[in-house]
Every structure is written in C-alpha cells, then in structure tokens.
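Enquirer: Start from the sequences and build out the full structure, keeping to the hints where you can.
Taken in sequence, the protein lines are chains U and Y.
Under the working numbering, the first residue of the first sequence carries the number 1, and numbering increases by one thereafter.
Under the working numbering, the first residue of the second sequence carries the number 1, and numbering increases by one thereafter.
If you are wondering where the hints come from, they were derived from the structure by calculation, not from laboratory data.
Any given hint might turn out to be false.
Lysine-lysine pairs mimicking DSSO-like chemistry, simulated, CA-CA at most 30 Å apart [claimed, not checked]:
| # | chain 1 | residue 1 | chain 2 | residue 2 |
| --- | --- | --- | --- | --- |
| 1 | U | Lys469 | Y | Lys79 |
| 2 | Y | Lys79 | U | Lys674 |
| 3 | Y | Lys79 | U | Lys597 |
| 4 | Y | Lys79 | U | Lys562 |
The following label-pair restraints were derived from C-beta to C-beta distances [stated by the list, open to error]:
| # | chain 1 | residue 1 | chain 2 | residue 2 | range |
| --- | --- | --- | --- | --- | --- |
| 5 | Y | Asp113 | U | Val46 | 52 to 58 Å |
| 6 | U | Gln619 | Y | Arg18 | 41 to 47 Å |
| 7 | U | Gly712 | Y | Arg18 | 38 to 44 Å |
| 8 | U | Val46 | Y | His114 | 55 to 61 Å |
| 9 | Y | Pro123 | U | Leu805 | 29 to 35 Å |
| 10 | Y | Asp31 | U | Pro116 | 41 to 47 Å |
| 11 | U | Leu805 | Y | Gly100 | 57 to 63 Å |
| 12 | Y | Gly68 | U | Pro322 | 36 to 42 Å |
| 13 | Y | Gly68 | U | Ala347 | 49 to 55 Å |
| 14 | U | Glu789 | Y | Pro123 | 49 to 55 Å |
| 15 | Y | Gly68 | U | Thr66 | 20 to 26 Å |
In silico contact screen, one side only, chain Y against chain U (beta carbon under 7 Å); selected entries [unchecked claim]:
| # | residue |
| --- | --- |
| 16 | Gly9 |
| 17 | Leu13 |
| 18 | Leu23 |
| 19 | Ala27 |
| 20 | Leu28 |
| 21 | Gly65 |
| 22 | Gly102 |
Values in this document were obtained by computation on a predicted structure and should not be read as measured data.
Don't be surprised by glycine CBs; every beta carbon is placed ideally from N, CA and C.
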Amino acid sequence: MTEHVVVVGGGMVAHRFVEALRARDTARAFTVTVLAEEDRAPYDRVALSAFFSGTAPDDLALGDPTLWSDGSVDLRLGSAVTALDRGSRTVTTAGGEVVGYDHLVLATGSYAWVPPLPGADLPGVFVYRTVQDVVALRDWVHARAAELDRPVRGAVVGGGLLGLEAAGALHGLGAHTTVVEFAPRLMALQVDEGGGATLRRIVEGLGVTVRTGAASEAVEAGPDGRVGGLRLTGDDAALPVDVVVVATGVRPRDELAAPAGLATGQRGGVLVDDHCRTADERVWAVGEVANIQGRCLGLVAPGYSMAEIVADRLLGGEATFPGADLSTKLKLLGVDVASFGDAFGQAPGALEIVHSDPVAGTYKKLVLSDDARVLLGGILVGDASGYAALRPMVGAELGSDPALWLLPEDAGARPRTELPDAAQVCSCNGVSAGEVRASVAEGCHDLPAVKACTRAGTSCGSCVPLVRKLMAVSLAEAGLAVSSAMCEHFAMARAELFNAVMVSGLRRWSEIVGRFGTGRGCDICKPAVASVLASLYDEHVLAEDRAALQDTNDRVMANLQKDGTYSVVPRVPGGEILPDQLLLIGQVAKDFGLYTKITGGQRIDLFGARLEQLPAIWQRLVDGGMESGHAYGKALRTVKSCVGSSWCRYGVQDSVGLAVMLELRYRGLRSPHKIKLGVSGCARECAEARGKDVGLIATENGWNVHVGGNGGFTPRHAELLVEDVDTETAVRVVDRYLMYYVRTADRLQRTAVWQADHEGGLERIREIVVDDVLGLGADLDAQMARHVESYEDEWAAVLRDPERLAQFASFVNAPDTPDPTLAYVEERGQRRPATDAERAAGPVLIASTTLEVRS
Amino acid sequence: MTAVAARPGLVDLCALDRLVPDLGVAALVGDEQVAVFRLADGSVHAVGNLDPYSGAAVMSRGITGSRGEVPTIASPVYKQVFSLVDGQCLDAVGMDPRPGRGPDLPVYGVRVDHGRVLLDPRPVR
Ligand code: SRM
Ligand SMILES: Cc1cc2nc3c(=O)[nH]c(=O)nc-3n(C[C@H](O)[C@H](O)[C@H](O)COP(=O)(O)OP(=O)(O)OC[C@H]3O[C@@H](n4cnc5c(N)ncnc54)[C@H](O)[C@@H]3O)c2cc1C
Ligand code: SF4
Ligand code: FES
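Expert: Right, dumping it as structure tokens:
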C-alpha cells in the first residue's frame, strides 16, 4: 500500500524534500502531491537577483525537471491551500479542490513583511521575494525610465541582506539608489560596527547612497498618484523617488496552522519538535515556516536539513535537527560578506582580533576564546576568501598565531591546522571532516569517489579544495600515495607516460593504450597522449590516427565557444602587425559576420565561426600571409612585448625584435599546459613579462630571464633564472627550460607549479638547464632545434589536404547546412549568441551562410 | 543503395567509409540532429547531438572512450560523459542540465547495410 504525502508550498525546501524522498524511497512506498501557490516550478530564490544580470526566470529552476514527471509526483502549480482539516485529513485549495493526505508537510516559507508605512500601497512600491516581484520591479523601472527620460530615482527601505540585494538590483537597472536603514549600520544582524563601516564605504564607492540611523515615515504620492517621494523622520523635504522597494524582513506564512488547532510561536512559525513534527504526528513543517528550537530560520541550509529529516523519518529513520548554523557568506553588489559562529563575541571573556585595511577595502575579525586559542566566530567584509577554511574551524584551536589567518590567502602564511572530525566541511550537504576521512579509510581514494560516497562538494562546489586537501592528507597518513594515475585507463602520470612513449618509440594510440593502459581511453588520457606525441615527433596535430585523440579545439584548430561555434585567432608575433594584415582581419570579420575583439594577448579574436566556415576563413587568412595562433592548443600562445628601444625613450634593448624572434621560434610547441612569454625593453616592465611563464627584461648589458610566472586563478611572479646574459645565451637557457618542462611536467601543470614542485625547486632547475649538471643540455638543444626546423603552419597544411577538409562538414548528409539551433542578437553593433530568454521572447537573428551585421 | 534506402522508416545517412573510427559526425534528420560514431571495434552508435548541459549541438565533436566496459562519448564543452549504449549520463561533473532538459542523451537505432549507415529516426529512449 502506498501512502500519500501532501506538501503545501512549492519553494526551495519543498523541492529538496521531494528530491530527498524520491531518492531514498526506492520501494516507492509514497506518492507525493505538491500544492504550490506560485505558478512556476520550484526555483532558486537565493539566486533571485541573478535575474537582473540577465538570468532568465526559467534558468533559476531547481534540480532535474524530470523529478516532476516521475509518475509518483504530482506538482500542481497555482494551487494555494486555504484550509487544513486534520480530522478528515484533507486540505482545501483556493480553487475548491479537496485533497486527502496520509502525511502533510507544510513548506509555505515566508512573505515579505511591510511595516505599517503610510503610502506603502501606492503604485511603484515593491517587495523582493518572488520571481513575480522582480519581474514587476524591472518592468516598472524600465517603463518609468522611458517616460521620464532621465535616470530613475529609487529608494530601498531596509539595509539588511535583502535590502542590499534590492539596492544592487536597482543600481543595476540604472536607478540612482538610496538605501535607508533604521539601525546605525548596514547588515546589522550579520556584521559589527567595523564591518558595517567598511561595507558602507564599499557600497558608497559603487555610487549607492546610504542613510543609516534614518526612519522612513511615509511614502508620498506624486501628482500622478504614483510614488513620488519617501519621507524620512527629521528631514525637511521628502527624498524624491520614482520607485521604492521595501525590504524590512520576512514573516512565516503560518496562517493555516492556528485555524487547524496547531500551535504557533510567539513571533510566528508553526511549532515543531527536533524531528520537524507538529503536535499532530501526521503533520510536519519545514523551512522558513517552521519554528524549531524556539525560532524561525531565514536561511536555506537549515531548511534543507529539515527536508532531509522529514524524508528520513517518513522512511523510518531517526534523523534529528542538529541545531542551526547561521553562518552566511554572500556576495552583495559584488562585495564579499561573511559572518560565522559567535560573530559578535557574546561568549564570556571572548577576545577579538581585527584587521582592517581601508585602502584595500577589507575588514576581518576573529572572535577567540578567553585564552586566545579556540576560534568562536568571525566577520569578513571585502575579502571572504578565508571563509571556507575558517568556518569549519569554529570550536577548534587556531594554532600559535591566529592573526596569520587574517592575511590575504595568497600570502601563503596561513598556518596548517588539523580540522577536528566534527568540523563541518561541506555545508550544502552537511558533511564533516570526519566523514571525509572515514570515506578515505573505507576505500575512496580519489576525489570522484569521495564525492560520490559522502556527497561533499556536489552542490555549490565551494568546499572542493578543502575536501581534496583532507583526502590527500588522509591518504598520505594511511601510507597511500595520492594517486598520480591520469585516469582509469593509465595508472601513470604524464611525465612517466612521456618517457614510456619516448623509449618505446610507439606512435599510434591503439599500440600505446594496448601496451601501457587499458580500455578505450577517455577525454583525459587521449589528449595527453596526443600532446606527448606532438612534443616528441613534431608532426601535424591531426597526423595518423591523432584527430580522434584531440579535444575539439585541437581537432578543428579553433576555440570552441558556448554555442558550439568557434573563435579564430591568427598569430600576431610580439603584437607587431602590418596595417594590411589589420585590414585583412577586418575584411574577413565583415565578410563572415564575426564578432571581433582585441584579446588580452595582443592579438585579435574573431568569434562565431561555424565549423564548416573555418576552412574558408583560414584560406583567406593564409593567402594574406597569416598563420594559426594556436589559441586553442596547450602550446605556446603569445610573446607579449612592449615597444622597446626602437621607439621608447627609455628602452635599452629591442624588445619587439626579441619577442618576434621567440614567438616564431616556439610557435606550435606542444606542452603540458599553455606557455606564454613576455619581453620588456627596460625595468619599467610594460610587457608584464614577470607575469608570464618566461619573462625577459632588458638590462644595460643584456637580459634578465625570469621563469615560472602566470596570471589566471593563482597569479605568480616569475623568478630570476639568469642575469645580464646576452641574447644568444638567453635563448639557449629558455630553449632548455621549456624543453625540460615539456618533458617532465604533469598534465595541465603550468611552469609555476612544476617549478615549485620540482625536487630542489628553481635552484635545481638552474643546475640542470644552465649549468647542465645532468648532461641533458645537448639533448634538450637538439630537440628544440628539431622543433624549430620542422615547424609548419597547421592550418596551411590542412587546407592542402582534402581528406582533412572533409572533417569540417557541418552535417555528414548536409555538409554546408548551418546548425539550425544557432541564434544571435545584435549588441553594440556586433552579434552575440541569444540567451534563452531572448530566444523565448521573440525574433532573433538566425545565422545564415554568411551573416552580415550592420550597426 | 536504393534498395536499402527504400526500407520504410530508415534514413540513409552516408557510406560507412565516410566515418573515420572514433571521429564522430553530425547528421541532420528532419529537424533533429544526431551524432554518429564508428568505434575502433567496428560498432556504430547514434545519440542526440544536442548537449543537454551546454545546450549546444556539439556531441559529435566529443572524444570517445570507455568507462569500465561501457563505450562513452564526452561532451566537448563541459566534459560530461555519456554512455553510447543507452545515452545515460555517467558523470555530470557536478553540473545540472539546462532548464527543461533531462540529464541523458536520446539513443537511435543505427545499422550498417551494404556499406551504408542507416538510422531509425525515432529515438529508442
Ligand atoms: C581570448 C582571451 C580573452 C580576451 O578576449 O582577451 C582568452 C580566452 C580564454 N581563456 Fe584566457 N584568454 C585570454 C588571455 C588570457 C590571459 C592574459 C594574457 O595572456 O596575457 C590570461 C592570464 C595570463 C596567464 O595565462 O597566465 C589568461 C588566463 C586563462 C586561464 C588561467 C590559466 C592559469 O594558469 O590559471 C585559463 C584556464 C586554463 O587555461 O585552464 C584561460 C582559458 C581561456 C579559455 C580558453 C577558456 C575556454 O576554455 O573557453 C578562453 C578561450 C576563449 C576563446 O575561444 O578564445 N585563460 N587568459 C585571451 C586570449 C589571448 C590570446 O591572444 O591568445
Ligand atoms: C532575494 C533573496 C536572497 C536570499 N539570499 C539568501 C542567501 O544568500 N542564503 C540563504 O541561505 N538564504 C537566502 N534567502 C532566503 C531563502 O531564499 C529562503 O530561506 C528559502 O527560500 C526558504 O525556503 P522555503 O521553501 O522555506 O520557502 P520559500 O522558498 O519561500 O517557498 C515557499 C513557497 O510556498 C508557497 N506558499 C506559501 N503559502 C502557500 C499556501 N497556502 N499554499 C500553497 N503554496 C503556498 C509560496 O508561494 C512559496 O512559493 C534569500 C531570499 C531572498 C528573497
Ligand atoms: S576570463 Fe574567463 S570569461 Fe574571460 S575570457 Fe578568460 S576564461 Fe573566458
Ligand atoms: S559547501 Fe557547497 S558543495 Fe560543499
């Protein structure tokens, strides 16, 4: 016999409940009906503000939509429940429908509370809770802006979390925005005075006006009966505004409870025990509407735990609410704000250490126990990078110098401390450090296994670095090597594979996987083998059976874009370009309707080329003397240069000349990751050479060669390898450094990490590539010489080869038909892929064989 | 060739020779896009060309491989891995499909007759 569960409310927590029940109820003991007042399936309310940065409401939908088409779940939209009869075990909807239940779950959430403010019902006053609210707000601001023909003026009543979200939205819509907060600071519930002051400075810096300690008295109508002003107590004149958003807090939607004889809390909310059960054992309440352990909780994570608890209990489990963690990390108006544990230092004797940097716009505070050892809580404003590591440390000792935790993350000085087993590592899924360690002990020896068995890291992903670190430490402690296996097909790391392939002399995939691996390979090992073969034999990327090993970028020699088209980047060595080549690029872009942008690498990217157009585009470029820029390859990308001694009054060497020479020397060199170089003509360093894998900086006597720099996710400055060397020596040192890196680095390991992980570090690398202590020098030189000699433009070679050209058909049975799913809109005079919302909304520019865009 | 193409319901896509082992191609069948793969072992597979995670029609440009015994195709965009046998997504790399799409790929019946690749345009699942 199946039992029938009725869920009232179709919000975030209702969604998690149905998902959890369906996942665990493998015997299908329950059918579920969800009665939802809103007319859209459960969506991500937390991400509501993303609507204003272009996310379509449909893209906010939560989870896998097939949950709702599963035969045992019935989601009824637009069905508000108006009455509950516990005697007959039925609920009644506004439409008069009566639905019987065996178990009832109340998940009705909260509503936006509006204080008794005269004028709050005028047209132009909004709240901020649902998709409907934000759509109405946007439409109003757009309409008013059009009518008024000047920027709209807006006010937000309330300077808490929601108020700042709303202010961000108004600001983003182009409104001149004022936030009015009654308390003396912003986000008074989450941050202290110091944090509030920093937050205020940052918010004001964005152009939003902040009025704290200010009471809103009334919304005033303009002459047209719509919002015209907001009167603040004590001000002479009302603040002139065209739109008001009230964000003064939320109240639980517990209106079904009392008439049905269910108890509610003093400040609202359906009273439940630690199992989320009301006094009626068939009625449960979860999420914001539940009053648990004496209060309602306005965050989604505790709501998710409640959903999991009820699913577990229905299936006979024993789950109990662990108590709420009210820690929050938010990005409001682009500002990081985090608050965790005893953020206000309320524990007796609590000590605080504060680090405030007005220039950088950061405020960080840790709350410690009276002996300054145990972390109790903290507040981070402006830079919350420490949050993931600190929050799980609450209740644990921070080590000898807790202040080190307040330094910026990349300062590298943060102490290493053991997380206690009980520390929560993944807050989305409630996974503790102990559970991660236990999973390793039980045989999960890589990240995917740990994720699968604990669920840690499977939601927002922000805890993944921490989970990986815990896993690695546990593996090492158990005497297990952190597996260097590339994937399930190759039990070796890239450097070992490189040697194996080199020594065996094998050149075909089937032979290599047969000898050194298992199975048919995958998208990890196949491109790695292709890269090794390319480095070793200087053959075409598509030679022999290699096309099928390459990632699409290398396979079609262009960069895949989000809509399945490609971008084209011709090489511009050293950034030096002939005017005729600029004209050619411009003409090709016009003829094929390609979006055109200057890259961060001193060259030009042409976007939106379809697979079948690539050969024609390249024919034109090659005919005009241009060649592949390898923007798609794990290979040399660019050699950035400054103008140097040829024009610059300070230049001491010809940086452009050397940059061009180096780019032509290393072009096409396949490597474990991409390689970038820079050459600056003097110590002013306008080419940012020290931000590159290899950076040469001119001196009076020659060049200083720096190695191991990069930008990207973890920026590093390159370190000095040799000083004041002449050009010939510099080039030889760079040859050897790069070739040694190509041979020994791991897959997708850039020079900085390779250099740091290399035994003996840069010192040892210098001994090998400069002093040649291993006698490898001649070998490395010869390999580089072979590379330079055998270089040919990949695109020119493909254009000569009909068999390879056949691979550029759009469809095997319709070789020139464009992909019919492509759609574009025009923006700033060029085209870009249409968003889902734009496709849904109406006519979009669909790609034609050649597409012309005029502004 | 005409004899086989006339068989009701099947669509003649191309000659088998046109399929390079492990290199997928896309085919247009009515409004639907299908990705067709000939693997090194000689078997031929067809799945939907639309990648449910990026929304782009690119599955034919992914890398083939295996997970355990199952032959697979990886999306070239965000690298989700799908079974070529039943279309099931075997590794979503932590992402959700685009709104309105399920996690898996449709699978099409495909066979080789007289050196031609024939596709049944109604997905198996
Ligand atoms: C086009 C360009 C952005 C632009 O419009 O300016 C760009 C575009 C991409 N970058 Fe970049 N990067 C571009 C300059 C840079 C720079 C600036 C530079 O080169 O001076 C950096 C920082 C410098 C550095 O690399 O150290 C940069 C650091 C990255 C990273 C981070 C690398 C790291 O070590 O952390 C990635 C991710 C990766 O490679 O794994 C990345 C990855 C990408 C990818 C390949 C992402 C992807 O897989 O789609 C983008 C390809 C888009 C395309 O189709 O062209 N891009 N990228 C720039 C192309 C330069 C060129 O002419 O080739
Ligand atoms: C802009 C914004 C930003 C936020 N940011 C964060 C954040 O960063 N972190 C965080 O943890 N939380 C955040 N929250 C709070 C978070 O969204 C809520 O905690 C969460 O949505 C609560 O889930 P719920 O299911 O309990 O309620 P809801 O998601 O509100 O769902 C309740 C649903 O029930 C429906 N309903 C109510 N009564 C009835 C009835 N009688 N019959 C039928 N249906 C009914 C409602 O229409 C609603 O759809 C934010 C909220 C907003 C508005
Ligand atoms: S920074 Fe990110 S979004 Fe911008 S080009 Fe690089 S990879 Fe793409
Ligand atoms: S904290 Fe979000 S997935 Fe772990």
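Enquirer: Against this structure, judge whether each hint is valid.
Expert: How the hints compare with the structure:
1. U:Lys469 x Y:Lys79: holds, 24 Å
2. Y:Lys79 x U:Lys674: Since the Cα atoms of Lys79 (chain Y) and Lys674 (chain U) sit roughly 19 Å apart, the hinted pair holds (cutoff 30 Å).
3. Y:Lys79 x U:Lys597: Between Lys79 (chain Y) and Lys597 (chain U) the Cα gap is close to 27 Å, so the pair holds against 30 Å.
4. Y:Lys79 x U:Lys562: holds, 13 Å
5. Y:Asp113 x U:Val46: 52 to 58 Å: Once the Cβ atoms are compared, 54 Å apart, the range 52 to 58 Å for Val46 (chain U) and Asp113 (chain Y) holds.
6. U:Gln619 x Y:Arg18: 41 to 47 Å: Since the Cβ atoms of Gln619 (chain U) and Arg18 (chain Y) sit about 23 Å apart, the hinted range of 41 to 47 Å is violated.
7. U:Gly712 x Y:Arg18: 38 to 44 Å: This hint holds: roughly 41 Å between Cβ atoms.
8. U:Val46 x Y:His114: 55 to 61 Å: holds, 58 Å
9. Y:Pro123 x U:Leu805: 29 to 35 Å: holds, 31 Å
10. Y:Asp31 x U:Pro116: 41 to 47 Å: Given range 41 to 47 Å: violated, Cβ gap about 57 Å.
11. U:Leu805 x Y:Gly100: 57 to 63 Å: Taking Cβ atoms as reference, Leu805 (chain U) and Gly100 (chain Y) lie about 37 Å apart, which means the hint is violated.
12. Y:Gly68 x U:Pro322: 36 to 42 Å: holds, 37 Å
13. Y:Gly68 x U:Ala347: 49 to 55 Å: Between Gly68 (chain Y) and Ala347 (chain U), where Cβ atoms are some 53 Å apart, the hint holds.
14. U:Glu789 x Y:Pro123: 49 to 55 Å: 52 Å Cβ-Cβ, so the 49 to 55 Å window holds.
15. Y:Gly68 x U:Thr66: 20 to 26 Å: Roughly 25 Å apart at Cβ, these two residues keep to the hinted range, so it holds.
16. Gly9: violated, 16 Å
17. Leu13: holds, 5 Å
18. Leu23: Hint on Leu23 (chain Y): holds, closest Cβ of chain U at ~5 Å, below 7 Å.
19. Ala27: holds, 5 Å
20. Leu28: holds, 4 Å
21. Gly65: Holds, because the Cβ-Cβ distance from Gly65 (chain Y) to chain U comes to roughly 4 Å (cut-off 7 Å).
22. Gly102: Nearest chain U Cβ about 5 Å off; hint holds.
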